[in-house]
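Novice: Under UniProt numbering, the residue at position 224 of the sequence shown is numbered 224, and the numbers go up by one with no gaps.
Simulated from the structure, these hints should not be mistaken for laboratory data.
Note that the structure is a prediction, hence the values are computed from the model and not measured.
Ideal Cβ positions, reconstructed from N, Cα and C, are used throughout, including at glycine.
Take every hint as true, because none was put in to throw you off.
Computed Cβ-Cβ distance ranges for the label pairs, DEER-style:
no. : residue 1 : residue 2 : range
1   : Lys-168   : Asn-85    : 12 to 22 angstroms
2   : Pro-321   : Gly-16    : 46 to 56 angstroms
3   : Glu-13    : Pro-321   : 53 to 63 angstroms
4   : Pro-321   : Glu-272   : 20 to 30 angstroms
5   : Phe-88    : Tyr-227   : 25 to 35 angstroms
6   : Gly-16    : Lys-63    : 20 to 30 angstroms
7   : Arg-79    : Pro-150   : 37 to 47 angstroms
Result set (DSS-like, lysine-lysine): computed pairs, CA atoms no more than 30 angstroms apart in a straight line:
no. : residue 1 : residue 2
8   : Lys-302   : Lys-265
9   : Lys-267   : Lys-128
10  : Lys-203   : Lys-121
11  : Lys-168   : Lys-306
12  : Lys-286   : Lys-128
13  : Lys-203   : Lys-226
14  : Lys-238   : Lys-226
15  : Lys-46    : Lys-109
16  : Lys-267   : Lys-294
17  : Lys-165   : Lys-294
18  : Lys-119   : Lys-148
19  : Lys-242   : Lys-203
20  : Lys-121   : Lys-165
21  : Lys-203   : Lys-157
22  : Lys-280   : Lys-226
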Amino acid sequence: MNLEEITNHVDFETVGYQVLNDEEAQDVFFHMNRASDTFLQIPVRKNYLQTVRLVASLPKLDKELGPEDVIFKELVMERMARVCNVVFDNHFPEIVDFFTVSLKGKGMKVPVLVSEHIKGKNLHLAIKSNYLALTKNGDIFDPVKREKAPINLRRVKYIVRELLKVQKTLYSHGLLHFGVIPEHVILQIDDIVRLRGLRFVVKVSNGLLTDVAITDVKKYGPIFIKYYSPNSLLEYIKSGGKRDVNGFEVVAFQMARLVFDLTTKGKYRNVEFTSELVSKAEYYVKPLQIMHVKYVIGNLLKDGQKFDSLTRIDNILEDLPEF
Numbered sequence: 001m002n003l004e005e006i007t008n009h010v011d012f013e014t015v016g017y018q019v020l021n022d023e024e025a026q027d028v029f030f031h032m033n034r035a036s037d038t039f040l041q042i043p044v045r046k047n048y049l050q051t052v053r054l055v056a057s058l059p060k061l062d063k064e065l066g067p068e069d070v071i072f073k074e075l076v077m078e079r080m081a082r083v084c085n086v087v088f089d090n091h092f093p094e095i096v097d098f099f100t101v102s103l104k105g106k107g108m109k110v111p112v113l114v115s116e117h118i119k120g121k122n123l124h125l126a127i128k129s130n131y132l133a134l135t136k137n138g139d140i141f142d143p144v145k146r147e148k149a150p151i152n153l154r155r156v157k158y159i160v161r162e163l164l165k166v167q168k169t170l171y172s173h174g175l176l177h178f179g180v181i182p183e184h185v186i187l188q189i190d191d192i193v194r195l196r197g198l199r200f201v202v203k204v205s206n207g208l209l210t211d212v213a214i215t216d217v218k219k220y221g222p223i224f225i226k227y228y229s230p231n232s233l234l235e236y237i238k239s240g241g242k243r244d245v246n247g248f249e250v251v252a253f254q255m256a257r258l259v260f261d262l263t264t265k266g267k268y269r270n271v272e273f274t275s276e277l278v279s280k281a282e283y284y285v286k287p288l289q290i291m292h293v294k295y296v297i298g299n300l301l302k303d304g305q306k307f308d309s310l311t312r313i314d315n316i317l318e319d320l321p322e323f
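Could you build the full structure based on these sequences and the hints that come with them?
Specialist: See below:
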């Protein structure tokens, strides 16, 4: 479903919003929905604030929605809004509105959560364009030189450790983010990190996952991300929350995968993440850095279920060289 179809399908005008359909909006729409299985992310603006771009999240409209589905999606959105209110951290998009909107010709209303539009470079696009080969805010205008330039490992280290700081803030509230993938990360000027994907924020206690709500995939939507989640998370979901899962293991796995994808330019993005892959992959960093990168990734993956703090993960990431 494209933006024009959404405009014809959803009555945003009645609630004082309009769907944007310019070139920038089309680009934002495509990239924001690339990894979204549960909600549509739509660029909008308020009728009386023409210069301010926002993002409206609502249930996917290409799926058959019944009254019960709408109720559960609204509960998930309420939960996302509560996370922002409780954590109150500027790494996340600010929630600005929450309402229901009519589907034209359907006699049904669906919930809509409106948040700020985070301007910046999506990390997925940064990987594809070799943006991380540059110095902060720099550029290499020759496409051949940019393509061949090695990844700036200092920037990779800074970005993943900033993301871990977000996890530390969440953990202070009994929460962790299990959706730290390139599509959910936005880089702003000076590599300021912003993070989307609030649906992937889960409850933990003493490091253990304690969020039974996420095990009902039909109601909550999928939390397990292929290639970016350890199998233990899938086992937790299948067991209905009865299996003990160390939340730090999930964080360590995703940090390892991020370091791997950032230093291999996403070349193996859709390949199973194994120690053999880490060993044989082609890395686009300086030759003397390759061994150190493999060492860090290996330590993040090794005995992840025994990790007892986010500080331990941070100490491993600290070993990424900056020379």
